[in-house]
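**Q** Each chain, written out:
There are 2 protein chains.
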Amino acid sequence: MPVCLWNHALIPTCLVEPGKHHESATYLPRGILVPLFRRHFQFTYTVSQQQQRNMDEAAPPSKKAAKKAEAKARKEALKAQRAEARQAPSSAVELDDPAKGFYGQAPTAPIVFQGKTIILRAWLQTSRTQSAKMAFVELREEGNWTIQGVVTATSEPPEQESPIVSRPMVRWIAGINPESFVVVEAEVQRPIEPVKRCRVSNFELRITRCYLLAPAPAILGTTLATANRPVVDLNDEAIGAKAGVREEEETDKEGPPAASMLVHLDNIAMRKRAPVQQAIADIRMEMKHLFRSYLKARGFKEFEPPSLIGAASEGGSNFFRMPYFSQEAFLAQSPQFYKQFEIAGGRKRVFSIAPVFRAENSNTPRHMTEFTGLDLEMEIRKDYSEVLYLLEGVLLYIFRQVHRIFKDEIELVRSVYPSSEILLPEPGQEVRLMFTQAQQLLREEGPAEFRHVRDDEDMSTPQEKALGALVRQKFNTDFYVVDKFPETARPFYAKLDDTAAAGSAEGAVKVTNAFDMFLRGQEILSGGQRINHPDELEARIRAKGIDPASPGIDGYVQVFRQVGVPPHGGGGIGLDRIVAWYLGLPSVHLAAYYPRTPRRLLP
Amino acid sequence: MPVCLWNHALIPTCLVEPGKHHESATYLPRGILVPLFRRHFQFTYTVSQQQQRNMDEAAPPSKKAAKKAEAKARKEALKAQRAEARQAPSSAVELDDPAKGFYGQAPTAPIVFQGKTIILRAWLQTSRTQSAKMAFVELREEGNWTIQGVVTATSEPPEQESPIVSRPMVRWIAGINPESFVVVEAEVQRPIEPVKRCRVSNFELRITRCYLLAPAPAILGTTLATANRPVVDLNDEAIGAKAGVREEEETDKEGPPAASMLVHLDNIAMRKRAPVQQAIADIRMEMKHLFRSYLKARGFKEFEPPSLIGAASEGGSNFFRMPYFSQEAFLAQSPQFYKQFEIAGGRKRVFSIAPVFRAENSNTPRHMTEFTGLDLEMEIRKDYSEVLYLLEGVLLYIFRQVHRIFKDEIELVRSVYPSSEILLPEPGQEVRLMFTQAQQLLREEGPAEFRHVRDDEDMSTPQEKALGALVRQKFNTDFYVVDKFPETARPFYAKLDDTAAAGSAEGAVKVTNAFDMFLRGQEILSGGQRINHPDELEARIRAKGIDPASPGIDGYVQVFRQVGVPPHGGGGIGLDRIVAWYLGLPSVHLAAYYPRTPRRLLP
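For the protein sequence lines, the chains are A and B, in the order given.
Sequential numbering of the first sequence, starting at -9, is according to this note's numbering.
Sequential numbering of the second sequence, starting at -9, is according to this note's numbering.
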């Protein structure tokens, strides 16, 4: 029996691309076309902002009437095209066509493409019939990448060597439903004039063969153009509304119709195909990656906290609970205890990236029931400012790197969701306010309703936003720290600032070595020093009105009694929030892959 | 108001280390000692296997009696020491001691260390009084790293410049409870003879100052030596047993006592401090990292599937369910549907790393209720073998890299959990068996009870193990693929092998383009091609006896009707399993950070 038993069983069922090994070592995200372009033509394409807007179909507010007419015309054309497609189904290839075999449904037997032409597997985004002899298509690769394809019937009789393109083939290609997945053989050529509608504007593809790999339906639940518009209604009142029930309800005064979040989510595949969504997703994943790489370079070890826990340990009622065999289980609200267990367990610096859950019935743009937490915890060598500086450092690193890497993507997102350019502090110019200073600023220079905010009460969301505006105006930054929160605003594990208390007058506000960080006036991080002595911890738990012997708490305190735990601190970042507020999105729901809200669990 | 409002409020409450910036750019995992060593002495230390075993206290089976006596003596010494410690509490520093201020509880005012000596923040692992003038301690940094510290009372009167070490100071240091966290000032010197018990054997630290940062209790729930022994009983029958209730129950014939999983988990901090646990954790995290980096280099995009889902979508009853506001929520069993949604949503290659949940009441070494899934999905260009080769490639990459990076750690794990060296195929010599061939092998050359295994039935766990033994013997590898599983053994989304069915005889077994991958005879991966046409998918769902209109399924099928979805396939890897089986651990519970079983949710 030979060791390799595999090859004899290889019967290709789809398309063969000669010269392409099935597992190429460097598979570029944009497929094979870009590298081929680069090799043959040594070009780099650029897209002006204007071209991009055209492509996005989210047109700028100039020449409204013209745009409106254009949009209508496009819509009509699309409708007509679809109607035509229904009459002449894509599968109908004329039997006596000389181009037969160069187009149609993908056959089950292997196809061998010939010559030095290019093979592109892509989504057919739109198609347009120019004449009986000519049609145009827009082909989209992953991300924000489109190119025009042109198919022209060859003059008869065809030259010996040239590929045959027949009129039925032109008609067939023009009739492919938008968003179908196709494979085309084509030659790269210069268009007569730049193709403004496509991201690649200086080249086009002369299609010589075209096969349908996966047909889209004649009627789409929503169009790509709509999926690339801003979500007009974030309400998810109607639970599990089906596609089509509430369809493209609001029509903007210009451009393609915009849809509600319900329509977007009910058409999840189309939503995800929109370049703006892919840009947000790419930025999100890179933020995770930057968090991880920054910390790994500084000696942090990753660990995995559990999602299922045995007790609603941190107090509060916002826990999901479920039957768990003979007992009850809860979903973790944060990895707080587990981060500290890792420190108690002999790690000096740890971080985790994990889902966390909140059973809060909050239907706001800042809340989800499931989101991704970026968390870290570290030994403190001198004082807790080490933790503050590190967290400030990792956030600024993420923001600066994203700004550097994703210029195009940020521009694209801003063309759909307009926002001001984010202001970050120069290195060494970071803004760190004491909580009391922040409150004073609000009292003295904030809106009238905050004239009497107190130093011993937590900040409300409106207060935070007002503070953000003040800080931006005074210090020219959208990112800043508020430190030394009052103990009333912090959980039991927050370490009190002993030094301040010792030196302060009777009745002074007790503060903690704990801080929040803000972006555009919204909280994105909570952090600080934790209590590491069991007696001190137990006293604080009691002071907060919690029984130290209650389930979950007892095991937590016990860990500090079991072994000597070094001084430590850390913080937690909501990934969804830093994505949303960094990009100036109106809701964290827009930053998530599959947003979970009290009313929505699908898809 | 100045922009930086921070510095004036900095009142250090702990220790100051001059010359060390609080946020050093390159913080080495092993703290400051190793780099200092390297700089001053240009040495690299090596530890022989024998030395390591000594350090581990998991002694080899030679000279049993001597070892036993030694172990007993050590235990007695430790007890005596602890008794002494209780009589002379660590906090009692003699007031008229000339060394006063050089040792003791960490003061709240800043301490300034002087001179060119070394500062080490570490866990004091053991201590031993040699005489009234001399004591030894073992200091442990993160991971498997220990060094001997020696403290000797200075001759009186002391020389002018030299630091003062008094006899009370020696006694105080020797009385520190094991596993306390300390900071020491010391000078590096050569020991008289190599320190076999410590990982760093050719150097020791002459301690000049020592402060207690976090004291451990006099009596530990379990010792580090025990935490570094193999777990002797993986049963977790007693739910939530408290530390001490079932203490160190089984005593091996040699070395320190070994404990059950219950004792290990009830003493979570001590368990995590054991070098063997940190080695397993480091390997686990690197496996995740290697999975990610291999895929990113090949154009895969990460995404995040939800944990909370609205329907028990993949069928089966092993779902955790919970009240979710006005509806019901489930915990995801796999990211299968969501991976496919990403492909439908215009991504060509995606992967995810996320927790998955199974409400299976299976109390076996192979099962947990929560574990980490490494998943990927990709467009298929030619045929599904692209998916198979890629998954095989990523697994072999992980195994080979871990072998290269973690030689020491693997050796350490094997010294605690003995296993045979893993056999991997040479590149190009990968073993890929058809399912029918695997069954034939079992029938013809396997144990007698498998003489009649059938080609249309899934493999049982004992069958898999027997096959693993046969493959190892015949092909010299512990890693292999079994391909073309019968359709009865696969879920509805598995693509049937149309080509085989068309060419085969009446009544032949229907097979799928789906495969499993095995390590040491245990399944670690399931993968294959998925159905991408909605009608075909619906037919298979019906054929499996599931209603395509049932909750969750309807939305899934709908996605394929909404848009054209390219041919695709993928696979899922259980991270816990590849860690456990790669290292030859007896249970996946030993590979997890916080194992979740039907009876255990704590800590």
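It is worth saying that the hints were derived from the structure and are not from the lab.
A portion of the hints provided could be inaccurate.
Heads up, the list lumps identical chains together, so a pair's fine if it works in one copy or across two of them.
What the hints assert, rightly or not - Mimicking DSS-like on lysine-lysine, the simulated pairs with C-alpha atoms at most 25 Å apart in a straight line are:
1. K372 x K500
2. K291 x K278
3. K186 x K90
4. K397 x K291
5. K278 x K464
6. K534 x K464
7. K278 x K397
8. K372 x K397
9. K186 x K123
10. K455 x K186
11. K372 x K291
12. K90 x K372
13. K90 x K123
14. K286 x K372
15. K464 x K90
16. K186 x K397
17. K534 x K500
As the structure is a prediction and not an experimental result, all values here were calculated from the model.
**Q** Which of the numbered hints are not met once you compare them with the structure shown?
**A** 3, 5, 6, 8, 10, 15
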